[in-house]
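**Student:** This is what each chain is made of:
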Amino acid sequence: MSTQISSPPTPPTPKSEPQASPTAGRWLGYLGLLGPAGIWLGLLLVLPTLVLFELSLVPGLEPGGLVNPSGLENYLRVFEPVNLLVMKRSLFFAGGTTVICLLLGFPVAYWIALLAPTKWRNLLLVGFVLPLWTSSLLRTYAWITILRYSGVLNTLLTSPNPWLSNLGLPTIPRLELLNDWPAVLIGMSYGYLPYMVLILYASLEKLDRRLLEAASDLGANPIQTFCQVTVPQTMPGIAAASLLVFITGLGDFVDPELLGGDSTMTISRLIYNQFLKTNQWGFGSALSMVLIMLVSIAIALLLKFGDRSAAS
Amino acid sequence: MAKSQLRVQRGFLWQGLFTLLMFFFMYLPILVLALYSFNQSRYSASWEGFTLAWYQKLFSDARILSALQNSLTVAFCAVGVSAVVGTLMAVGLARYRFPGRSLYRGISYLPLIIPDIAIAVATLIFLAVIQIRLSLWTIVASHVVFCLAYVGLIVSTRLADLNPHLEEAALDLGATPFQAFIKVLLPQLMPGIISGCLLAFVLSLDDFLIASFTAGSDATTLPLEIYSRIRTGVKPDINALSVVLMLVSGLVFLIAESIRYQSTEKRLK
Amino acid sequence: MTNDLRLSQFYPTRRRFLKTAAAAVSGLALSSCGWTLAQVRPKPPSNKKTGANKKLYIYTWSSYTDEDLLKSFTKETGIEVIVAVYDSNETMLAKIQIGGGADYSIIYPSDYMVRQMRDKGLLLELDQDRLIGLDNLLPQFQNPVYDPGNSYSVPLSWGTTGLIYNSKTLKQAPEDWDYLWEQQQVLSRRITLLDDVREVMGATLRMLGYSYNSQDPAQLEQAYKKLVSLKPTIASFSTDTWKEQILAGDLLVSMGYSADAVEVAKENPSLQYVIPRSGTSLWTDTMIIPASAPNRDAAYDWINFMLQPAVAAQVCERLNFATPNQVAIKQLPPKVSENLSLFPKESVLEKCERIIPLGKFNQVYDRYWTQLTSS
Numbered sequence: 001m002s003t004q005i006s007s008p009p010t011p012p013t014p015k016s017e018p019q020a021s022p023t024a025g026r027w028l029g030y031l032g033l034l035g036p037a038g039i040w041l042g043l044l045l046v047l048p049t050l051v052l053f054e055l056s057l058v059p060g061l062e063p064g065g066l067v068n069p070s071g072l073e074n075y076l077r078v079f080e081p082v083n084l085l086v087m088k089r090s091l092f093f094a095g096g097t098t099v100i101c102l103l104l105g106f107p108v109a110y111w112i113a114l115l116a117p118t119k120w121r122n123l124l125l126v127g128f129v130l131p132l133w134t135s136s137l138l139r140t141y142a143w144i145t146i147l148r149y150s151g152v153l154n155t156l157l158t159s160p161n162p163w164l165s166n167l168g169l170p171t172i173p174r175l176e177l178l179n180d181w182p183a184v185l186i187g188m189s190y191g192y193l194p195y196m197v198l199i200l201y202a203s204l205e206k207l208d209r210r211l212l213e214a215a216s217d218l219g220a221n222p223i224q225t226f227c228q229v230t231v232p233q234t235m236p237g238i239a240a241a242s243l244l245v246f247i248t249g250l251g252d253f254v255d256p257e258l259l260g261g262d263s264t265m266t267i268s269r270l271i272y273n274q275f276l277k278t279n280q281w282g283f284g285s286a287l288s289m290v291l292i293m294l295v296s297i298a299i300a301l302l303l304k305f306g307d308r309s310a311a312s
Numbered sequence: 313m314a315k316s317q318l319r320v321q322r323g324f325l326w327q328g329l330f331t332l333l334m335f336f337f338m339y340l341p342i343l344v345l346a347l348y349s350f351n352q353s354r355y356s357a358s359w360e361g362f363t364l365a366w367y368q369k370l371f372s373d374a375r376i377l378s379a380l381q382n383s384l385t386v387a388f389c390a391v392g393v394s395a396v397v398g399t400l401m402a403v404g405l406a407r408y409r410f411p412g413r414s415l416y417r418g419i420s421y422l423p424l425i426i427p428d429i430a431i432a433v434a435t436l437i438f439l440a441v442i443q444i445r446l447s448l449w450t451i452v453a454s455h456v457v458f459c460l461a462y463v464g465l466i467v468s469t470r471l472a473d474l475n476p477h478l479e480e481a482a483l484d485l486g487a488t489p490f491q492a493f494i495k496v497l498l499p500q501l502m503p504g505i506i507s508g509c510l511l512a513f514v515l516s517l518d519d520f521l522i523a524s525f526t527a528g529s530d531a532t533t534l535p536l537e538i539y540s541r542i543r544t545g546v547k548p549d550i551n552a553l554s555v556v557l558m559l560v561s562g563l564v565f566l567i568a569e570s571i572r573y574q575s576t577e578k579r580l581k
Numbered sequence: 582m583t584n585d586l587r588l589s590q591f592y593p594t595r596r597r598f599l600k601t602a603a604a605a606v607s608g609l610a611l612s613s614c615g616w617t618l619a620q621v622r623p624k625p626p627s628n629k630k631t632g633a634n635k636k637l638y639i640y641t642w643s644s645y646t647d648e649d650l651l652k653s654f655t656k657e658t659g660i661e662v663i664v665a666v667y668d669s670n671e672t673m674l675a676k677i678q679i680g681g682g683a684d685y686s687i688i689y690p691s692d693y694m695v696r697q698m699r700d701k702g703l704l705l706e707l708d709q710d711r712l713i714g715l716d717n718l719l720p721q722f723q724n725p726v727y728d729p730g731n732s733y734s735v736p737l738s739w740g741t742t743g744l745i746y747n748s749k750t751l752k753q754a755p756e757d758w759d760y761l762w763e764q765q766q767v768l769s770r771r772i773t774l775l776d777d778v779r780e781v782m783g784a785t786l787r788m789l790g791y792s793y794n795s796q797d798p799a800q801l802e803q804a805y806k807k808l809v810s811l812k813p814t815i816a817s818f819s820t821d822t823w824k825e826q827i828l829a830g831d832l833l834v835s836m837g838y839s840a841d842a843v844e845v846a847k848e849n850p851s852l853q854y855v856i857p858r859s860g861t862s863l864w865t866d867t868m869i870i871p872a873s874a875p876n877r878d879a880a881y882d883w884i885n886f887m888l889q890p891a892v893a894a895q896v897c898e899r900l901n902f903a904t905p906n907q908v909a910i911k912q913l914p915p916k917v918s919e920n921l922s923l924f925p926k927e928s929v930l931e932k933c934e935r936i937i938p939l940g941k942f943n944q945v946y947d948r949y950w951t952q953l954t955s956s
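Protein chains in written order, with my numbering: chain A, 1 to 312; chain B, 313 to 581; chain C, 582 to 956.
One or more hints might be untrue.
[As the list claims (entries may be wrong)] Partner residues aside, some chain C positions facing chain A, computed with beta carbon under 7 Å:
#1 Glu671
#2 Gln709
#3 Asp710
#4 Leu712
#5 Arg770
#6 Ser817
#7 Phe818
#8 Asp947
If you are wondering where the hints come from, they were derived from the structure by calculation, not from laboratory data.
If you're wondering where the values come from, they're calculated on a predicted model, not measured in any experiment.
Using N, Cα and C, we set each Cβ at its ideal position, and we do this for glycine too.
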């Protein structure tokens with residue numbers, strides 16, 4: 001584990017800091033700059049999370065109930081088989097979406113960054129990302145319209161059926177994608193693809209073309225160039241984008257809820273239900289803490305991986 | 313170099329086609345919504361005639377318009393507050409070294425990492441504990457939390473690219489720290505602040521989970537209204553709404569981009 | 582090789598954060614022993630006639646009010662009505678308890694929820710002298726079992742739960758709950774059940790010959806297993822969304838409330854409603870005034886408005902729910918008052934059961950429900 005405590009987007013510190021300011025001014029600076037944000041975050045983020053943790057320790061807590069942190073029953077319930085299944089499902093959706101976005105997004109980012117004419121690059125990128133500006137709920141609803149049993153996709157798919165049955169051929173069946181996991185994967189991938197492309201683009205844009213040329217001059221075919229030059233060079237970008245998509249996917253509520261039907265219960269839906277339907281606030285708090293922990297583990301793993309590849 | 317050029321040209325072709333396909337994928341749902349916003353039929357997927365009735369219905373729908381108004385209020389207030397507070401925070405973090413600095417920085421990144429549902433739930437619990445009545449302003453307060461984080465992150469990134477000596481030069485020339493901040497640092501940070509604000513604005517408008525947990529009785533935001541309509545039986549005026557939203561956001565973005573483009577041109581001259 | 586995003590700085594940050602957090606939390610845990618979470622405090626009535634008295638906030642189901650109703654109330658009393666909707670009793674209860682329910686003066690809980698809310702002290706005891714027209718109600722609603730003497734609630738609508746099916750596309754019409762199990766091949770993934778634990782578990786219990794309100798763990802286990810075997814056929818659990826889906830042709834059979842069944846039948850007459858042979862639940866939706874209501878006078882005005890036979894009749898016809906107001910029933914056109922989905926025969930009603938709250942035992946039902954929906 002490397003102990004680089006080098007701070008991340010920090011400005012290269014001014015060579016001579018204005019040390020001459022008096023202590024009172026300094027404190028004013030501290031308070032003025034860091035105070036408001038600190039208070040806001042502390043009050044509305046840190047404190048609530050701590051309260052959440054406290055509530056998760058009260059077995060069977062409901063609103064109006066007595067808060068007496070007394071045990072880990074809620075956490076034990078989290079590890080029951082049915083809830084582990086829910087978590088596995090969330091991981092499946094998040095991981096699957098990340099892989100799909102990576103596979104679909106990398107070529108797009110590559111093309112825009114490296115192969116497209118320079119003056120169109122910005123426009124192309126913006127054009128690709130523009131759908132993000134519409135409500136994500138509406139975009140998910142659009143997928144309902146497309147994927148449902150009587151939807152656009154099925155209507156198009158079964159449109160040759162009258163001719164087929166006249167010719168005596170088997171008719172094309174309708175796809176039952178909605179209310180099941182394929183629709184959720186499609187909806188989630190669609191939603192996160194722009195983010196993936198944006199981050200990969202940022203990474204690919206900084207790629208040094210000369211390295212690619214050098215590799216091909218040395219006799220590497222495109223595949224080798226890709227695997228041994230492009231990918232390692234853009235690994236930080238790939239890692240950051242994958243992490244972002246994975247974490248957001250873990251916490252996604254709208255896509256599984258609207259597209260998924262009854263066999264796609266995920267962690268965020270489960271948490272939502274605990275607070276707004278079954279009133280099991282203790283259990284819901286424990287689930288939330290577990291979700292936060294899962295996300296932290298994902299980040300920690302990525303950091304380990306990142307540090308190791310940075311060191312190599 | 314002819315071989316590599318040929319290779320590049322071939323790559324251009326199939327990857328270009330793939331990218332085109334992906335663009336189509338991106339815009340497909342929007343096209344579908346647009347198409348159905350003109351479809352006379354209410355339920356079936358087949359085309360039953362052109363109509364503008366859904367647009368008329370949309371603009372006379374008081375609930376949606378008031379939800380939209382609420383959403384815009386929340387977004388503007390939240391972004392306004394976080395623009396100021398977030399920028400101050402980013403500058404403070406960059407400038408000062410103090411014990412607990414990495415902790416502070418880590419906390420400022422938390423809203424980006426913790427999933428929305430966990431933040432929403434924690435805020436709800438907290439508001440229930442201190443017995444604050446839920447209203448539009450509780451939504452604003454909780455939106456500021458993540459808007460802060462985004463603005464802070466983007467401004468920090470921008471700060472990293474800045475020339476630190478300009479501010480020093482201003483101080484050497486006799487400006488007070490306050491003047492140096494306003495007249496030197498702030499203009500340089502402005503593009504970063506603006507893009508942070510734009511991002512935070514879009515996220516606040518689009519937020520569903522946090523609003524659904526912290527909204528009061530009369531504080532319906534647009535995502536909440538849309539969600540309840542999707543659940544209780546969709547009338548096609550939702551399609552009309554999505555087309556309108558898309559057009560408006562496209563327009564806003566074009567304006568923002570042209571402003572940015574013009575300011576870059578001005579700077580380069 | 583510079584990484585633009587140096588994520589490794591998170592590492593020491595997080596460790597320190599976790600350490601600090603752990604210290605803070607243990608402090609919290611040790612300090613607070615026993616405080617009550619989200620307690621709703623009743624508000625004393627406000628005596629001043631301020632501008633706020635001109636507004637009435639209502640929390641209700643999505644299909645119980647429409648623009649015309651609100652406009653006619655405002656015309657009659659001058660009070661502006663603002664409506665918020667919910668789609669399940671449990672969500673309503675949660676929201677009320679979270680925000681202290683501060684703004685709503687009228688809420689529409691179902692019968693079993695009335696009892697629950699009364700036990701939690703959330704309801705205002707109604708001043709019977711201020712209510713006009715209670716004697717217009719059908720006899721069985723004058724002293725209902727869920728709220729003796731209507732001391733806390735006024736019934737607004739009632740109905741049954743049953744199966745709505747597409748008679749054109751289904752060769753064999755359903756007659757009982759077990760149709761869903763028997764016809765799984767035909768119905769695959771094109772049915773929905775209500776998103777309500779008591780309705781779904783109750784229906785299954787009833788089909789197995791037990792009561793909707795069974796507290797026998799063995800019976801519940803049996804019902805749960807039955808539902809698990811049906812799960813692959815179910816598209817989703819939905820209380821509202823099925824209406825649009827069945828009209829679009831996505832679904833073949835849906836479990837739904839009689840009021841909703843009448844609504845979709847109006848749009849598409851081939852969608853028919855059947856009350857299962859083995860019996861179903863009889864529900865009543867009521868109006869209550871929460872203890873923390875800000876505008877009690879307007880609330881009483883609203884209740885009296887809805888009790889007017891003319892209004893009750895209009896609402897029954899327009900919004901498709903059965904009214905308990907016998908004077909109103911007489912004013913209904915025959916095609917409504919003879920609609921067997923809305924007003925079933927006595928012989929059918931005798932097979933129906935009311936859902937009653939089960940106190941702590943509700944948690945057992947909730948557990949099964951969470952397991953069912955999660956798997």
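**Student:** When the structure is checked against the list of hints, which entries are broken? Sort them ascending.
**Tutor:** 2, 3, 4
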